[in-house]
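**Student:** So the sequence lines, in the order shown, correspond to chains G and F. Everything in the first sequence is counted per the working numbering, starting at 112 for the first residue and increasing by one. Everything in the second sequence is counted per the working numbering, starting at 112 for the first residue and increasing by one.
Please note that the accuracy of each hint is not assured.
Copies of the same chain are indistinguishable here, so a pair counts whether it falls within one copy or spans any two.
Said to hold, decoys possible - Only pairs whose alpha carbons sit at most 25 angstroms apart, straight line, appear in this in silico DMTMM-like list of lysine to aspartate or glutamate:
no., residue 1, residue 2
1, Lys-302, Asp-242
2, Lys-412, Glu-231
3, Lys-238, Asp-212
4, Lys-531, Glu-120
5, Lys-531, Glu-382
6, Lys-412, Glu-495
7, Lys-238, Asp-205
8, Lys-531, Glu-124
9, Lys-302, Asp-251
If you're looking for bench data, these hints aren't it; they were derived computationally from the structure. All values derive from a computational prediction rather than experimental measurement.
There are 2 protein chains.
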Amino acid sequence: MPKLHPNIERIVELIHLEEWDQIRSALASWHPADIADVIDLAPRDAQDRLFTLLSDDAKPDVLSELDSYAESEVVESLTNAELSEIVEEMDPDDAADIIGDLSDQRSSEVLELMQEEESEEVRRLLKYEEDTAGGIMTPDVVSMRSDQTVGEAIEAIAYLDEGEPFVYAYIVSEGERLTGYIDIWELLREKNRQRPLSELCHTEFVAANVNDDQEDVAHLLSQYDISSIPVIDDDGRIVGRVTVDDVIDVIEEEASEDIFRLAGSDDIELETDSPVRSCIARLPWLLVTLFGGLMISLILKQFHARISSVIILGAFVPAVLAMGGNTGIQASTLVVRTIALRGMEGKSITRLLLREIAVGAIMGTICGLCIGGWALVWLRGAPEPGFSSMRLASVVAIALFCAMSFAAVFGALVPIVLNKLRVDPAVASGPFVTITNDLAALLIYFGTTIALLPLA
Amino acid sequence: MPKLHPNIERIVELIHLEEWDQIRSALASWHPADIADVIDLAPRDAQDRLFTLLSDDAKPDVLSELDSYAESEVVESLTNAELSEIVEEMDPDDAADIIGDLSDQRSSEVLELMQEEESEEVRRLLKYEEDTAGGIMTPDVVSMRSDQTVGEAIEAIAYLDEGEPFVYAYIVSEGERLTGYIDIWELLREKNRQRPLSELCHTEFVAANVNDDQEDVAHLLSQYDISSIPVIDDDGRIVGRVTVDDVIDVIEEEASEDIFRLAGSDDIELETDSPVRSCIARLPWLLVTLFGGLMISLILKQFHARISSVIILGAFVPAVLAMGGNTGIQASTLVVRTIALRGMEGKSITRLLLREIAVGAIMGTICGLCIGGWALVWLRGAPEPGFSSMRLASVVAIALFCAMSFAAVFGALVPIVLNKLRVDPAVASGPFVTITNDLAALLIYFGTTIALLPLA
């Protein structure tokens with residue numbers, strides 16, 4: 112039994128001590144996925160060294176599990192001959208992932224060195240975009256004819272080459288068109304071995320097109336709770352299948368992407384230990400925020416003469432901004448996640464917006480009352496000459512109410528519009544919504560106070 | 112073939128028009144998962160009505176796919192006799208989910224009405240916490256003895272009751288202890304039907320304990336790329352299995368939870384159309400923000416006399432706050448997601464913190480230079496009497512640098528500490544980190560300016 116949950120941190124220590132022999136013998140008993148984690152975490156200059164410590168058996172599995180940075184380090188350190196040998200031992204979809212990351216020249220050199228049959232399969236897979244059904248599928252499918260008998264099918268399975276495990280065998284017509292599937296376990300339970308497969312065949316099935324986006328494929332599998340989905344080309348021919356474990360990575364990736372984008376960063380951060388790469392991911396969004404902040408400073412400068420005469424109005428500016436920004440991001444998050452999990456169609460947009468109007472109004476009322484109450488307490492201790500406390504407090508409360516109501520609707524609207532424009536709604540929602548809502552909140556706040564108060 | 116991706120919005124329109132006959136005939140051809148989506152989206156008072164339109168065959172599948180609000184509406188409208196009949200037709204794990212949501216009295220009434228065998232199985236499952244391996248597993252496993260032959264095993268499978276599909280059969284010793292597994296497809300490929308299973312049996316396997324957290328089970332399946340994992344009790348006896356499609360829901364749920372919490376809300380929002388429920392999810396976090404904002408107003412009041420004499424210092428307050436808050440949330444997000452995907456052990460915390468110090472310093476330098484440059488431009492147009500422009504600009508730049516460096520480290524530290532305290536790091540990271548960083552940024556900003564400038 113491979114050691115599971117091994118002590119990765121211990122190995123990282125040994126790397127710093129350069130105890131290569133100890134590392135080699137420790138890794139020998141590990142699961143490839145755990146070895147890959149160690150290499151991912153290791154300092155860049157130790158990654159290829161670690162890979163050379165592995166047995167030839169382990170290399171293909173480990174290489175296919177590495178993250179993109181570690182993968183490119185390791186691949187660069189290998190000769191074409193070494194790489195082609197390793198890649199040949201991989202499942203064709205994993206091999207295509209590795210070869211797809213190479214330069215055009217190197218990938219054709221490596222493919223040349225591979226055995227004809229394997230390289231053909233990889234070449235076919237390389238034609239598909241990485242984030243489509245074709246990019247994540249395995250071409251290993253078991254297909255049968257509907258006029259075969261149960262007995263023949265069971266016999267045929269016994270003579271198959273080894274491949275990934277499967278639960279469904281696909282029934283194809285002449286011309287390899289997919290017409291249905293059979294469940295392996297139904298096949299096994301069929302007591303009449305002479306029965307033709309046509310009688311066991313399910314002709315109601317869900318299939319993905321080879322060019323479908325990987326997220327859509329993930330939706331299909333999770334919506335219809337199926338463990339594997341056949342992939343067909345535009346002519347209805349079966350070209351592969353996507354299993355639910357391929358899709359787990361897709362779901363985790365997409366969730367990471369959304370989370371990082373909402374925070375104003377990029378999930379590339381998960382794959383690197385380098386502060387510079389983190390900065391590259393985060394800085395653009397910080398600069399958006401900074402730009403917004405500097406715009407706010409201009410507005411404040413403009414209103415300074417009016418505001419500074421009433422201390423409480425200036426003191427509440429950060430509170431109003433924070434509330435506007437936060438309310439907006441809550442609304443955006445709901446919409447971004449709803450779109451990610453369920454997609455979004457025509458009518459429900461109106462429902463969603465109506466709801467956000469209601470939510471913004473309720474929350475605005477409650478928070479408005481809170482800030483108004485606080486203002487009254489404040490003004491009792493430090494009254495503002497020339498203004499009734501009640502009036503000032505009401506104005507602040509109304510301003511916060513307006514800012515929050517706007518923010519909720521705007522926060523929901525931005526990802527809806529981005530989605531309509533076929534831009535990933537998560538991309539621009541986080542810092543963009545926050546800073547725009549900050550700006551809007553400020554203008555609403557000043558607008559309300561100036562409209563309702565006899566300021567200088 | 113069931114109609115897939117049906118026009119859900121059309122049905123929602125028909126609900127508003129109360130065209131029940133049209134709805135009934137439309138839904139008759141739908142997949143249960145899609146019918147469940149319609150009921151989830153329907154107005155609350157139409158949900159039980161819609162359920163009554165379904166055929167008896169469809170009811171169990173649809174009920175098990177409903178979200179928790181719709182489920183409780185529908186279940187409330189059913190008599191105990193109706194409910195027990197529907198639940199009996201479900202997979203035992205789905206049945207246990209429904210019955211587990213009932214009141215104690217009602218659940219025992221419904222269990223009484225069910226057939227002995229089914230109710231026993233459900234009772235056993237109900238003992239496990241909902242978010243553990245026991246709570247998401249199915250008890251349907253195929254187990255065999257290692258001294259059976261390949262031929263006997265294939266025969267035995269043919270006589271099994273119908274259940275969920277499977278790819279592995281488990282080998283158990285006397286006393287039902289799990290000792291290994293066989294792959295169904297390896298079984299089928301074995302040409303020697305007389306071979307004992309012990310020779311095909313894999314004794315290296317990954318198993319989950321029945322009390323393991325569902326997230327940990329999801330990690331195991333995704334880390335080791337396996338499609339189903341056996342679940343054992345404390346004595347090593349096999350009690351069920353968790354398949355990768357059960358785990359997809361867990362991964363989606365956990366990602367949603369993290370996303371909503373970072374935004375200051377709760378993923379309950381995905382399950383409801385009610386603005387009031389949304390407000391209940393969002394308000395606590397907004398009130399945290401509001402409280403922080405009001406604290407900020409107190410600090411501003413305190414510094415008002417000093418600040419208001421230098422317009423530019425006051426005008427930059429929102430920019431500094433926004434940068435502090437955003438930098439903190441970026442750092443928190445990285446840590447929260449790293450913990451969610453990989454867990455976190457001893458040594459890597461130091462690495463992570465060192466990295467955040469570097470990231471904060473780099474970003475602080477760049478953004479500090481930007482705001483300093485902007486300040487110089489600003490001061491050329493509107494110089495502040497009594498201060499050299501260069502000095503003011505440097506002070507603002509240094510203050511932003513300090514605030515961002517602090518925010519990056521603090522933002523990373525909060526989820527690490529929460530994780531150590533065994534609190535979900537996502538819970539308090541979002542608005543809590545933002546508002547604390549806002550406060551800290553303000554104090555750092557004032558501290559720096561007062562230390563470096565001869566303010567009144």
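**Student:** Does each hint hold? Answer for all of them.
**Tutor:** Comparing the hints with the structure gives:
1. In this assembly of identical chains, the alpha carbons of Lys-302 and Asp-242 never lie at most 25 angstroms apart, being 42 angstroms within a copy and 39 angstroms across copies at closest.
2. Taking the shortest Cα distances, Lys-412 and Glu-231 never come within 25 angstroms of each other, neither inside one copy (67 angstroms) nor across copies (73 angstroms).
3. In this assembly of identical chains, the alpha carbons of Lys-238 and Asp-212 lie at most 25 angstroms apart only when taken from the same copy (13 angstroms versus 49 angstroms across copies).
4. For the identical chains of this complex, Lys-531 and Glu-120 are inter-copy neighbours only, at 17 angstroms across copies versus 46 angstroms inside a copy, given an alpha-carbon limit of 25 angstroms.
5. Taking CA atoms no more than 25 angstroms apart as the test, Lys-531 paired with Glu-382 passes between copies only; the shortest distance there is 23 angstroms, against 31 angstroms inside one copy.
6. In this assembly of identical chains, the alpha carbons of Lys-412 and Glu-495 lie at most 25 angstroms apart whether taken from the same copy (21 angstroms) or from different copies (13 angstroms).
7. Taking the closest pair of Cα atoms, Lys-238 and Asp-205 come within 25 angstroms of each other only inside a single copy of the chain (14 angstroms); across copies the shortest separation is 41 angstroms, beyond that limit.
8. When the C-alpha separation of Lys-531 and Glu-124 is checked against a cutoff of 25 angstroms, the pair qualifies only between copies, where the shortest distance is 22 angstroms, while the shortest distance within a copy is 50 angstroms.
9. In this assembly of identical chains, the alpha carbons of Lys-302 and Asp-251 lie at most 25 angstroms apart only when taken from different copies (21 angstroms versus 28 angstroms within one copy).
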